[in-house]
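Protein chains: 4
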Amino acid sequence: MAGNSFGQLFKITTFGESHGPAIGVVIDGVPPKLPLSEADIQKDLDRRRPGQSKITTQRQEADKAEILSGVFEGKTTGAPLAILIRNTDQRSKDYENIKDVFRPGHADFSYIAKYGIRDYRGGGRSSGRETACRVAAGAVAKKILGRHGVDIIVYTLAVGEIFAKKIDYKTIEKNAVRTADSKAAQLMIASIEKARKNGDSLGSILQCVVKNCPPGLGDPCFDKLNARLAQALMSIATVKGIEFGDGFGASQLKGSVNNDRFVLKGKKISTATNHSGGIMGGISTGEDITIRMALKPPSSISKLQKTLNEKKQEVEVQVKGRHDPCLAPRVVPVAEAMIALTLIDCLMIQKATQL
Amino acid sequence: MAGNSFGQLFKITTFGESHGPAIGVVIDGVPPKLPLSEADIQKDLDRRRPGQSKITTQRQEADKAEILSGVFEGKTTGAPLAILIRNTDQRSKDYENIKDVFRPGHADFSYIAKYGIRDYRGGGRSSGRETACRVAAGAVAKKILGRHGVDIIVYTLAVGEIFAKKIDYKTIEKNAVRTADSKAAQLMIASIEKARKNGDSLGSILQCVVKNCPPGLGDPCFDKLNARLAQALMSIATVKGIEFGDGFGASQLKGSVNNDRFVLKGKKISTATNHSGGIMGGISTGEDITIRMALKPPSSISKLQKTLNEKKQEVEVQVKGRHDPCLAPRVVPVAEAMIALTLIDCLMIQKATQL
Amino acid sequence: MAGNSFGQLFKITTFGESHGPAIGVVIDGVPPKLPLSEADIQKDLDRRRPGQSKITTQRQEADKAEILSGVFEGKTTGAPLAILIRNTDQRSKDYENIKDVFRPGHADFSYIAKYGIRDYRGGGRSSGRETACRVAAGAVAKKILGRHGVDIIVYTLAVGEIFAKKIDYKTIEKNAVRTADSKAAQLMIASIEKARKNGDSLGSILQCVVKNCPPGLGDPCFDKLNARLAQALMSIATVKGIEFGDGFGASQLKGSVNNDRFVLKGKKISTATNHSGGIMGGISTGEDITIRMALKPPSSISKLQKTLNEKKQEVEVQVKGRHDPCLAPRVVPVAEAMIALTLIDCLMIQKATQL
Amino acid sequence: MAGNSFGQLFKITTFGESHGPAIGVVIDGVPPKLPLSEADIQKDLDRRRPGQSKITTQRQEADKAEILSGVFEGKTTGAPLAILIRNTDQRSKDYENIKDVFRPGHADFSYIAKYGIRDYRGGGRSSGRETACRVAAGAVAKKILGRHGVDIIVYTLAVGEIFAKKIDYKTIEKNAVRTADSKAAQLMIASIEKARKNGDSLGSILQCVVKNCPPGLGDPCFDKLNARLAQALMSIATVKGIEFGDGFGASQLKGSVNNDRFVLKGKKISTATNHSGGIMGGISTGEDITIRMALKPPSSISKLQKTLNEKKQEVEVQVKGRHDPCLAPRVVPVAEAMIALTLIDCLMIQKATQL
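Chains as they are written, first to last, in the working numbering: chain A, 1 to 355; chain B, 1 to 355; chain C, 1 to 355; chain D, 1 to 355.
If you're looking for bench data, these hints aren't it; they were derived computationally from the structure. Where hints are given, some of them may not hold.
Repeated chains share a single entry, so a pair holds when one copy, or any two copies, can fit it.
[Unchecked claim] Computed cross-link-like contacts, BS3-like style, restricted to lysine-lysine with a CA-CA straight-line distance of at most 27 Å:
hint	residue 1	residue 2
1	K143	K174
2	K33	K197
3	K99	K33
4	K303	K165
5	K143	K351
6	K351	K211
7	K165	K99
8	K268	K306
9	K312	K33
10	K75	K351
11	K351	K33
12	K143	K211
Quick caveat: nothing in here was measured; it's all calculated off a predicted structure.
Full structure from sequences and hints, please.
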């Protein structure tokens, strides 16, 4: 209940702080006999890794996954799968000057309010570094979902005011900002570099599309697929808004427009439009699941800011360390992971009732 | 895991279909010795009740709460609190003509995809009627939270394109649409009546504000307060988008603008701005929690629509029954309830660690 | 977490007090399309019902099950199945004289220690009456398990010092004490009647056998099948001890004797002996699961007893009301239910991983 | 749900196999600001460690605890506490000859029945080695409980037919068999050595006493304190029976004898007898909690045994490796841990409702 587990049947538990010896994840409920190696996991970790391009933080972490348990002779055994990632490039000294400062926009104050104590080095547990564990676990989930044909696509839709327009999924992994429009990519990258030079940061929007999701996933009433995905994605620290299908746009529509009527596409029951984003009544319909997420600009900026310290004194703070000026490119694999972890769990729950 | 429970320590389980004999809720984990009567619950049920004004459905349900257990001599005992609400005004005949039709925008198809069977009368379990149970449980949670000074305010921010502008909380319960702007109220009501006459429906937006939430609520990493609230609110069938603080607006801001710096207000540590909406790092800061929710236009409209039936034949459907042309006014107490249920649970979890 | 739910995927939540308006149970996770009627449930309720024979309490409760939700046109829909049982024969007056007395052996004192308040009428929530809800839910589980060939047999092995010796399952439902030995039955009944006449009560032992349990049920490490069954059965208020296979007898054996070696029976891998009681490493082997449970003598006796009241004064108490002099015959269907609820849950969990 | 987690608020998740690189445990829900070091944990690990005396297995494992997260500057932070224990003394070769053999009494067959695959080296996940993680987590729980005055005592009551008689708790840690009777200790040790020489093993009984448990712990109906303890203790692979208070003895008593009447001891409400073992109605009364557990003789014996292999062929097997001839001395700290983990969880749940 203390919040570090996610999932009911495919349940992950993460641990570790940004500047401790290691972070890691335990997955309980992995189906047995799945071929799995560290390479399966490393692939996605490398996509989230710091220092991967000039527009991410320059902290250098190998983020090397070590499987500690749950795999025997190349296959999962049904036992808990534990994955360890050692922290290597820590400069805890960077944080000495802010050890008693409530950095604007950060969790420093709220952690003190909650726990009365905090590991101030790099945000400790509140660091985005924890998401590497999600990505590692998500890689396992994605491998299983892939066998069921499910395909999860996430890309950067906007960096600040620059939006991707000509969407081509093939482009996503070919540009540093992970957008689906190669032209917009250049503008986005330039804009991020400019923000960094100014000691500032930029907000962004991610677009997610799930293709070939089996119909029937999600559980009314409280565990609706969209409700569970909302928790999953909103648990990524930087996410401030989330929309399914038309989202806020639907609030401006009439029912006669917004209703997706059912039609036959070949022999398959489908919908003529997809305002609902592939989920009706909280259950997947088999159409594309479409989600948009708003990411705030990262709180760590090198510009001088006024704030308070733990003694309630006003102080000026300049957040040192090596930070991301825009989070979108590194959150892409994290969002994929959280969607995958939600879907695999719903799939297993659905399977359970088919006695 | 089948989705009809919410909460970890203050745990509710709802049951019942729109046209069955009754709906109800069991609350497990109610603190003992709380004075409680059916009147405490009825007050909120009356605010969600159908037939309460000319702009809601004309279905007449008394929605009379009966406490079956958990209260003895006017006080809670710590035993499960069961609340039963009998269904009274059912016209199941209204649904005979759509028993094998997949109504556009409804859960008919996805329920068949999931369960292979469905109670077609009034949507069965997928009916919004289930939310009466949430409101009943929420009334109990709100009573406890009230004793801790927490105040939850929800109002209609927009009906279609008409937005409330001059916000005055005192106005909310004085107009049928539950908006906080008495002038906008008239325009909204007129617009809803027009939609109804046209056999159509309207989308809307709700605004939520939580005042005096204690700092320290919410649990990193997956049970962040915003993540849990997102699941809670997104589990209301009609919600398509949700924002905390600046939400999607934050994606257009720079970090230097979006960061809320800490300042002293009297002796209390507060923030100069509240872009973050009262939650940082997934934990409440003590500032106002601000949330916006997009509601889709109701799917039940009397306009003629084309769709498919279970035999994959194209049919025309006119959704009879008595329906809401705009959901905002009746979802207001449901949103309050879901926020209350989330907060009470977080409060109890927080309490548990203070050994 | 407040303890009134059992199960993870086939999850029941019970509510209600002995002398309130009703008791009931909500089952979340019932597989859809199962034919189900109130008669399926009533059958088992009648076996637990008070007043069923001269050796049980003479309280007369019809224990009439009413299905409130989750069944449509004779089949389960996948929605929560709610079952209500009205209380009818309440003589709350019987309890006036003990309202502030801590009855020896009862939960009166511990409830006050926990909650600071209690419903003293008939034990309130601590009453054995709550187990009717388990029996109702268990009937649903048994129906599903029956389709998988699983057969759960429970009988009275001993009443005080009288043990069943010649075991014949066909006898069980033919005698009031539900033992498997028709001769012992007469002795047991006589012994119970004598205890009642003396204003006293008798302890007893139940024997449980599960036939045709599929191998592979139960989840290491903490959710071992025997661990889950132990919680399930020990949650019946009267149970003080539980054994699997040879139980305490195994503590007196050598490994070379206790080890069950594997042998072929036809083409099926089986074991030559069954000291382990059908569970190895916490997982079912497919052999008979064998369990013994010790039931204490009921605490409600009409003999005069000394004790304290809430003011810490010494008082004499004579427990009026109508009570069971020996619990075995009425706990038989309760034990069956708890075993069924555990097995169905394990079966669904096992199913979930077979993606 | 896959069974490798225990606890609701103080929740542990264990991972690791006997012959993998490491085993470990993540504790989520540790109260913040608790002083904690590896030494606190090591103390108990050393009591469970293999090779600690001549009557345990001679496998040499340092069982060195490494804290990976959740502690900062010597205090817990409220973040997950991860503890890693590297495996060092593995002789996997010992298991080559039994890789496809179903060892009598072991989990080999049931794991294959469940998962279709197994790590045969030393039992893999089914190895008792996993309990080191429980002991590590239990040490943290015990430290917190100690601050509330709770004292958990476990000792060997019997080895085979030799029972401790003159109980003196001070003796327990002074003899290799961890019994509370120094004379019986010598007989027990001799008997264990004899069994080992014969290539055989011995069953045993543990006695547990919890002193100063606060009244009010445990949650009716399914999470009764005894029910939760039963699951906790029965999840230790070797446990075949469990009794609370008089246990099976109560089945032979009359109510007038078995009922514990309430009396004043000084100003404290207490009971004249303690047949119930400190738990009434599933809730602690404040009296000593008394539990007895039957341990089967270890399945790993060097005597030649007949059994089957995976090809259904009859084979002879001699279990090599280095094994315990009697489990009691090493299970003592494991039982303490499981009791501590249950009590801390109940204490936190109880705390949560006191809003």
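Status of each hint after checking the structure:
{"no.": "1", "hint": "K143 x K174", "in the structure": "within (22 Å within a copy, 53 Å between copies)"}
{"no.": "2", "hint": "K33 x K197", "in the structure": "neither (50 Å within a copy, 40 Å between copies)"}
{"no.": "3", "hint": "K99 x K33", "in the structure": "between (47 Å within a copy, 17 Å between copies)"}
{"no.": "4", "hint": "K303 x K165", "in the structure": "neither (32 Å within a copy, 35 Å between copies)"}
{"no.": "5", "hint": "K143 x K351", "in the structure": "both (18 Å within a copy, 19 Å between copies)"}
{"no.": "6", "hint": "K351 x K211", "in the structure": "both (20 Å within a copy, 25 Å between copies)"}
{"no.": "7", "hint": "K165 x K99", "in the structure": "neither (43 Å within a copy, 42 Å between copies)"}
{"no.": "8", "hint": "K268 x K306", "in the structure": "between (59 Å within a copy, 17 Å between copies)"}
{"no.": "9", "hint": "K312 x K33", "in the structure": "between (56 Å within a copy, 21 Å between copies)"}
{"no.": "10", "hint": "K75 x K351", "in the structure": "both (22 Å within a copy, 19 Å between copies)"}
{"no.": "11", "hint": "K351 x K33", "in the structure": "both (17 Å within a copy, 15 Å between copies)"}
{"no.": "12", "hint": "K143 x K211", "in the structure": "within (15 Å within a copy, 38 Å between copies)"}
Of the numbered hints given earlier, the model fails hints 2, 4, 7; all others are met.
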